[in-house]
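Chain residues, written in single-letter form:
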Amino acid sequence: MTMAHLVSGELDPSPISERWILVLGGVTRQGHRRASRAAATALASGLDVVWFDGYDETEEGFPREFPSAGKDEGGHLVTVDFAEAESHTVSGRLRDGGRLKASPMGRWVWKQLLRRIGSLLRPRACWATIRSDIRILSDRRTPDAIVYTDPVAITSAWYAARIWTGVSVSTAAPGGYE
Amino acid sequence: MKPHLLYIAFWYPPSRASGVYRALATTREFVAAGWDVTVITCDRPFLEDEVGSVDESLLKETPLDIDVIRVPFTFDLAADLDVRSLNWWSANFPTLWDGLHRKIAPIRNTVSAALGTHPTGPQFTDGYQTWIDPVVKAGVAVDARHRVDHVLATGNPYSSFEAARILAADLGTGYSVDYRDPWTIDVFTGSTNYADRATLAAEKRIVEQAASCFHVNDAIAEAYRRLYPHQAHKQIVVYNGYDAQSIPAVTDPASPPYRFGILGTMNDRWPMDAILKAWKASLPQLPAGSELLLGGHLGYFARSQDVLEATLPSEDVGFRYVGPVHKADVADFYASIDIVVVPVPGGPMVTSGKVFEALALGKPIVCVQQEGGGARGLLNGHPLAIAAEPTPKSVAPALLEAARLAVDFDPDTVTAIRKKYCRYERHVAMQPMVVTITGRLRGSDRE
Numbered sequence: 001m002t003m004a005h006l007v008s009g010e011l012d013p014s015p016i017s018e019r020w021i022l023v024l025g026g027v028t029r030q031g032h033r034r035a036s037r038a039a040a041t042a043l044a045s046g047l048d049v050v051w052f053d054g055y056d057e058t059e060e061g062f063p064r065e066f067p068s069a070g071k072d073e074g075g076h077l078v079t080v081d082f083a084e085a086e087s088h089t090v091s092g093r094l095r096d097g098g099r100l101k102a103s104p105m106g107r108w109v110w111k112q113l114l115r116r117i118g119s120l121l122r123p124r125a126c127w128a129t130i131r132s133d134i135r136i137l138s139d140r141r142t143p144d145a146i147v148y149t150d151p152v153a154i155t156s157a158w159y160a161a162r163i164w165t166g167v168s169v170s171t172a173a174p175g176g177y178e
Numbered sequence: 001m002k003p004h005l006l007y008i009a010f011w012y013p014p015s016r017a018s019g020v021y022r023a024l025a026t027t028r029e030f031v032a033a034g035w036d037v038t039v040i041t042c043d044r045p046f047l048e049d050e051v052g053s054v055d056e057s058l059l060k061e062t063p064l065d066i067d068v069i070r071v072p073f074t075f076d077l078a079a080d081l082d083v084r085s086l087n088w089w090s091a092n093f094p095t096l097w098d099g100l101h102r103k104i105a106p107i108r109n110t111v112s113a114a115l116g117t118h119p120t121g122p123q124f125t126d127g128y129q130t131w132i133d134p135v136v137k138a139g140v141a142v143d144a145r146h147r148v149d150h151v152l153a154t155g156n157p158y159s160s161f162e163a164a165r166i167l168a169a170d171l172g173t174g175y176s177v178d179y180r181d182p183w184t185i186d187v188f189t190g191s192t193n194y195a196d197r198a199t200l201a202a203e204k205r206i207v208e209q210a211a212s213c214f215h216v217n218d219a220i221a222e223a224y225r226r227l228y229p230h231q232a233h234k235q236i237v238v239y240n241g242y243d244a245q246s247i248p249a250v251t252d253p254a255s256p257p258y259r260f261g262i263l264g265t266m267n268d269r270w271p272m273d274a275i276l277k278a279w280k281a282s283l284p285q286l287p288a289g290s291e292l293l294l295g296g297h298l299g300y301f302a303r304s305q306d307v308l309e310a311t312l313p314s315e316d317v318g319f320r321y322v323g324p325v326h327k328a329d330v331a332d333f334y335a336s337i338d339i340v341v342v343p344v345p346g347g348p349m350v351t352s353g354k355v356f357e358a359l360a361l362g363k364p365i366v367c368v369q370q371e372g373g374g375a376r377g378l379l380n381g382h383p384l385a386i387a388a389e390p391t392p393k394s395v396a397p398a399l400l401e402a403a404r405l406a407v408d409f410d411p412d413t414v415t416a417i418r419k420k421y422c423r424y425e426r427h428v429a430m431q432p433m434v435v436t437i438t439g440r441l442r443g444s445d446r447e
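These protein sequence lines are chains A and B, in that order. Numbering of the first sequence is given in my numbering, commencing with residue 1 and proceeding in unit increments. Numbering of the second sequence is given in my numbering, commencing with residue 1 and proceeding in unit increments.
The reader is advised that the hints may include incorrect statements.
[Unchecked claim] If you want a taste of the chain A side facing chain B, the calculated C-beta under 7 Å gives, among others:
(1) 30
(2) 123
(3) 151
(4) 155
(5) 158
(6) 166
(7) 169
[Said to hold, decoys possible] No farther apart than 25 Å at their CA atoms in a straight line, the calculated lysine to aspartate or glutamate pairs in the DMTMM-like style are these:
(8) A/111 - B/252
(9) B/327 - B/316
(10) A/111 - B/181
(11) B/204 - B/181
(12) B/419 - B/252
(13) B/280 - B/268
Keep in mind that the hints were calculated from the coordinates and are not lab data. Please read all numbers here as calculations on a predicted model, not as lab measurements. A virtual CB, placed ideally from N, CA and C, is assigned to each residue, including glycine.
Chain A on its own, in the form it takes in the complex (with noise of 0.2 Å):
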């Protein structure tokens, strides 16, 4: 198999063939772990896969980890990083708890107010931080199935599936692609 790693706003659908699965990875380590195993599985099977992995290392504190490359077998993945990029949507900003000016405990209150509101727009923001690359693809190439992997990433699948009316939809949860 072969791979490319790409942040988001840089897809090129050109490498990838007719047969390709759609992966979108969400944004926590369950998540983007799922996404690992269900893009391995895929690739096995000689199928193509574009992740879209908003997956933060730094945030979470534990490795990204990938299907290992090199073997001859194999379709191709493209992961398009967008943690970055939604980092700076308003989703992400609230849950940095921004620039606040409060006593210590206010600033705590705040903070803690901010980031769930944040957290609660994050399917939102995803979306919006990927929505253009997923129009590119859609005006190219049809998935033989779209993956989620988190409930973060419901909101995507959801939008996904509105795109490409007739692909099954499913989640790489127990019971879901795997």
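With chain A fixed as given, assemble chain B onto it according to the hints.
This is chain B only, laid out in the frame that chain A set:
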């Protein structure tokens, strides 16, 4: 033909949850008693991704001649979701939508249970109820291949009990439940801890229909006898006990400096603050170089580790965290220390599995638990046990007294202690469960 036990144990190796050791002992003892055993447990991705830790070494402890069926489970709201059927709000704010749904569910269940309008009867929510149906299906498939003679479930999670009840009814066999903790009774206060009528109703029907209910100590069994007086005869005590392999050979009496040791999975209910303050206060009175070692995982979930680690002191106060201690290395850990410190939260219903190892070691024990606590009760009459309240003022003199005992005792005392407490050796301790269920089989659970 061998009888066949279907054992529903959500936590089973490679899980490292505290209930795993009792589950392992259960399967071992039934195999030794001539049963075929099939275990239904959760899947590895759940342990690896959501719990965040496994202990591969525990897989070596599982009996070779059992079948293990892993039934998937996840807390993830993304699982089993029909994305296309979502409305705009639930699709764009899935975590908010799910949070509201979870908040409302118990209220809705209670109301529908009270009105009798729920299509399938009162539905409890312990967070694991999505596991019930797949387990029942898996159990039916197991029975089709190899007839099941009895279903045994261990909880928590208590959804395992409900799965056992439904499955046993489907198969026309009996079932038993093994409470590692009480369900609707608060283990710390003894009062009812669920206002949710659906949960109370679920436990009631499970206990009423079960063949036997096993409990880890007398206080919990007694509480269940009081709660269900008509089912009092079913409540049987099966102590956790200790594994013989965890007890090292008898060593010579200690010599200064002393090594105090705590072993177990630390959690935020342990009275560690009192112990650590007492340790710092008593350190100047102990021989130079004395140490307090802590061995074990910090919390049950990977995310707990950093939080608990931050509460531990630095090593310059004679404290050392030695990290997780695998089951095979427990005896070595105990051999390396002179005095065992057992931190236990709660009251009469809390005994802690580790207290049984401490009982059998034959080393001085400092048990830190409030008066009337279950672990303290078990230590009554132990010649080297000192009980302390969970306050620095009570623990500090106990540590110093234990250091004195560590040099005074002789190997004959150790031998006598080990003989006295061998009734808690796991093989012996588990027998009431094996004998009860085997006895029911003779009475014919299933024609």
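Legend entry - List of violated hint numbers, smallest to largest: Violated hints (numbers, rising): 6, 8, 9 and 10; every other hint is consistent with the structure.
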